[in-house]
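Visitor: Those protein sequence lines, which keep their order, are chains Z and G. Residue numbers for the first sequence, in my numbering: 20 to 131. Residue numbers for the second sequence, in my numbering: 10 to 120.
Worth double-checking, as some hints may not be accurate.
Stated by the list, open to error - Only pairs whose alpha carbons sit at most 30 Å apart, straight line, appear in this in silico BS3-like list of lysine-lysine:
id	chain 1	residue 1	chain 2	residue 2
1	Z	Lys76	G	Lys77
2	G	Lys77	G	Lys115
3	G	Lys10	Z	Lys76
To be verified - To be clear about the criterion: a stretch of chain Z counts as covered by chain G if any three or more of its residues have a C-beta under 8 Å from a C-beta of chain G, and this derived list gives those stretches:
id	segment
4	30-40
5	70-82
6	106-117
Rather than coming from a laboratory, the hints here were simulated on the basis of the structure. Predicted model, so just to flag it, every value in this text is computed and none were measured. Glycine is no exception: its CB is placed at the ideal position from the N, C-alpha and C atoms.
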Amino acid sequence: NAGVTQTPKFRILKIGQSMTLQCTQDMNHNYMYWYRQDPGMGLKLIYYSVGAGITDKGEVPNGYNVSRSTTEDFPLRLELAAPSQTSVYFCASSYGLRETQYFGPGTRLLVL
Amino acid sequence: KQEVTQIPAALSVPEGENLVLNCSFTDSAIYNLQWFRQDPGKGLTSLLLIQSSQREQTSGRLNASLDKSSGRSTLYIAASQPGDSATYLCAVWNNFNKFYFGSGTKLNVKP
Numbered sequence: 020n021a022g023v024t025q026t027p028k029f030r031i032l033k034i035g036q037s038m039t040l041q042c043t044q045d046m047n048h049n050y051m052y053w054y055r056q057d058p059g060m061g062l063k064l065i066y067y068s069v070g071a072g073i074t075d076k077g078e079v080p081n082g083y084n085v086s087r088s089t090t091e092d093f094p095l096r097l098e099l100a101a102p103s104q105t106s107v108y109f110c111a112s113s114y115g116l117r118e119t120q121y122f123g124p125g126t127r128l129l130v131l
Numbered sequence: 010k011q012e013v014t015q016i017p018a019a020l021s022v023p024e025g026e027n028l029v030l031n032c033s034f035t036d037s038a039i040y041n042l043q044w045f046r047q048d049p050g051k052g053l054t055s056l057l058l059i060q061s062s063q064r065e066q067t068s069g070r071l072n073a074s075l076d077k078s079s080g081r082s083t084l085y086i087a088a089s090q091p092g093d094s095a096t097y098l099c100a101v102w103n104n105f106n107k108f109y110f111g112s113g114t115k116l117n118v119k120p
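Could you put together the complete structure from these sequences and hints?
Guide: See the structure below:
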């Protein structure tokens, strides 16, 4: 099993541009999560999904959108990128909510 | 809002020492607490998960304890090794499906 995979690994965006961060898991987990990690800080939950077609906001959802059309994929969309969105983004999945999460390697995003 | 604090932010110890990492949280109404390890430039790896009804969990040289009433958890690492060098983060799920992380303790185990 590949576990949780994320693409791209690194991206530079200009202010106002849009992009989609991809996340795929092959463990047939129901739950998937998106986090951001700013330098020297812990992770903050952006959005999570409890299954295909169902998503909910986390602590810092503003400026982001998500969708979950399949069990495997949970893309994160940034519209109108801002410098404040410069961060490392992690995707994770778990079988049940509040159970052990498995993380992807992260996407480093720089907005200039 | 739940606040999760980890002190110290960094710790350096010689190889072989037993050590304790601390995690405190402000709201005791938690569902569970998890400890993670993060290596530089990598994602997180789950180490231990303690349910709110449990007092401790053990995995190999790691032991995590939970005192919900005082809002504290500790991660005990026995006989530390250079390979244990990483950042250790704790995180709590509250009863409203929100997940909060501490900022981590960066551990350096010197050979």
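Visitor: Taking the hints in turn, state whether each one holds.
Guide: Now the hints, each set against the structure:
1. The suggested pairing of lysine 76 of chain Z with lysine 77 of chain G holds, with an alpha-carbon distance near 26 Å, which does not exceed 30 Å.
2. For a cut-off of 30 Å, the pair hint linking lysine 77 of chain G to lysine 115 of chain G stands: about 24 Å separates their Cα positions.
3. Distance check on the hinted pair: lysine 10 of chain G and lysine 76 of chain Z sit about 15 Å apart at the alpha-carbon level, within 30 Å; holds.
4. For the segment 30-40 of chain Z, the stated coverage by chain G is not satisfied: 0 residues place a CB nearer than 8 Å to a CB of that chain, which falls below the threshold of 3.
5. With 3 residues bearing a CB less than 8 Å from a CB of chain G, the segment 70-82 of chain Z meets the requirement of three and the coverage assertion stands.
6. Chain G is given as covering the segment 106-117 of chain Z, and this holds because 4 residues of the stretch bring a CB closer than 8 Å to a CB of that chain, at least three being needed.
Hint compliance for this structure: hint 4 is the single one not met.
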